[in-house]
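Visitor: Residue numbers (the working numbering), protein chains in the order written: chain F, 1 to 120; chain S, 1 to 107.
Calculated from the structure, these hints are not laboratory results. Hints should not be assumed to be uniformly reliable.
What the hints assert, rightly or not - Just the calculated beta-carbon pair ranges, DEER-fashion:
id	chain 1	residue 1	chain 2	residue 2	range
1	S	Arg24	F	Pro62	43 to 53 Å
2	S	Gln79	F	Ser69	39 to 49 Å
3	S	Lys107	F	Asn32	18 to 28 Å
4	S	Asp1	F	Gly102	20 to 30 Å
5	S	Phe83	F	Pro55	17 to 27 Å
6	S	Ser14	F	Pro14	39 to 49 Å
To be verified - Derived contacts from chain S toward chain F, CB cut-off under 7 Å, selection only:
id	residue
7	Ala34
8	Ala43
9	Leu46
10	Tyr49
11	Ala50
12	Gly68
13	Tyr87
14	Leu91
15	Tyr94
16	Pro95
17	Leu96
18	Phe98
19	Gly101
In this text, a Cβ means the ideal position worked out from N, Cα and C, and glycines have one as well.
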Amino acid sequence: QVQLQESGPGLVKPSGTLSLTCAVSGGSISSNNWWSWIRQPPGKGLEWIGEISDPETTIYNPSLQSRVSISIDKFKNQFSLNLNSVTAADTAVYYCARKRKGDSRSADYWGQGTQVTVSS
Amino acid sequence: DIQLTQSPSFLSASVGDRVTITCRASQDISSYFAWYQQEPGKAPKLLIYAASTLQSGVPSRFSGSGSGTEFTLTISSLQPEDFATYYCQQLNSYPLTFGGGTKVEIK
Chain F
1 QVQLQESGPG
11 LVKPSGTLSL
21 TCAVSGGSIS
31 SNNWWSWIRQ
41 PPGKGLEWIG
51 EISDPETTIY
61 NPSLQSRVSI
71 SIDKFKNQFS
81 LNLNSVTAAD
91 TAVYYCARKR
101 KGDSRSADYW
111 GQGTQVTVSS
Chain S
1 DIQLTQSPSF
11 LSASVGDRVT
21 ITCRASQDIS
31 SYFAWYQQEP
41 GKAPKLLIYA
51 ASTLQSGVPS
61 RFSGSGSGTE
71 FTLTISSLQP
81 EDFATYYCQQ
91 LNSYPLTFGG
101 GTKVEIK
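My request is simple: use the sequences and hints to build the entire structure.
Guide: Written as structure tokens, this is what we have:
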């Protein structure tokens, strides 16, 4: 059973950098899947941020592309999100997820989510 | 970007009711389409992928249909644990996008 767990600071100052890590257990991050970040502002819907596939092919949402980077650490079996120049609009619950490739593409495993608040 | 328009945005129903939620895409997305259920304070859970394939472990009262630009999620007999918010997602082209959500509440 694949499990994902997000970790990182719950509070980030405006103009700072949001950094989160997603630890993957029960499966290899080098498997033939995409590893995704999705966020949900309070009381709102889901927004896809971007994803990475080993060996480090990344695709980002154009709305965030200038501020976001996703990386993978095969040795620790985890992947990370960095979002810089944050504002209050980046306050959200951030989820990591595994997205299958091919005809069954879909996010089948999700982390529990982590709340990140941007505030001074 | 491909826009997904979900309807209705809110639905009030009783246990045992048949419920249908629709999602329309702004362009053809073939069958690269999924439905998720989100309970309050929890992560989304995959229900349906490839427009009509039931994810392992999901009760058979859930079903999906459609292709191209119009998709439907049906719950054949609503159960107490089904009161949640449902989201559609297109996975045909980047950026991946979600519908605005349908909140299903108890009548």
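Visitor: Work down the list of hints and note, for each, if the structure agrees.
Guide: Hints versus structure:
1. S/Arg24 / F/Pro62: 43 to 53 Å: 22 Å, violated
2. S/Gln79 / F/Ser69: 39 to 49 Å: With a Cβ separation near 42 Å, glutamine 79 of chain S and serine 69 of chain F satisfy 39 to 49 Å, so the hint holds.
3. S/Lys107 / F/Asn32: 18 to 28 Å: Roughly 44 Å apart at Cβ, these two residues miss the hinted range, so it is violated.
4. S/Asp1 / F/Gly102: 20 to 30 Å: Cβ of aspartate 1 of chain S to Cβ of glycine 102 of chain F: about 23 Å, so the range 20 to 30 Å holds.
5. S/Phe83 / F/Pro55: 17 to 27 Å: Taking Cβ atoms as reference, phenylalanine 83 of chain S and proline 55 of chain F lie about 43 Å apart, which means the hint is violated.
6. S/Ser14 / F/Pro14: 39 to 49 Å: 46 Å, holds
7. Ala34: 4 Å, holds
8. Ala43: 4 Å, holds
9. Leu46: Holds, because the Cβ-Cβ distance from leucine 46 of chain S to chain F comes to roughly 5 Å (cut-off 7 Å).
10. Tyr49: Constraint on tyrosine 49 of chain S satisfied, holds at 4 Å.
11. Ala50: 6 Å, holds
12. Gly68: 16 Å, violated
13. Tyr87: Hint on tyrosine 87 of chain S: holds, closest Cβ of chain F at ~6 Å, below 7 Å.
14. Leu91: It holds, given that the least Cβ distance between leucine 91 of chain S and chain F is near 5 Å, below 7 Å.
15. Tyr94: OK, holds: tyrosine 94 of chain S within 7 Å of chain F, min 6 Å.
16. Pro95: 4 Å, holds
17. Leu96: With a minimum Cβ separation of about 4 Å from chain F (threshold 7 Å), the hint on leucine 96 of chain S holds.
18. Phe98: 4 Å, holds
19. Gly101: Hint holds; glycine 101 of chain S Cβ to chain F Cβ min 5 Å, cut 7 Å.
In this structure, the hints that do not hold are numbers 1, 3, 5, 12, in rising order.
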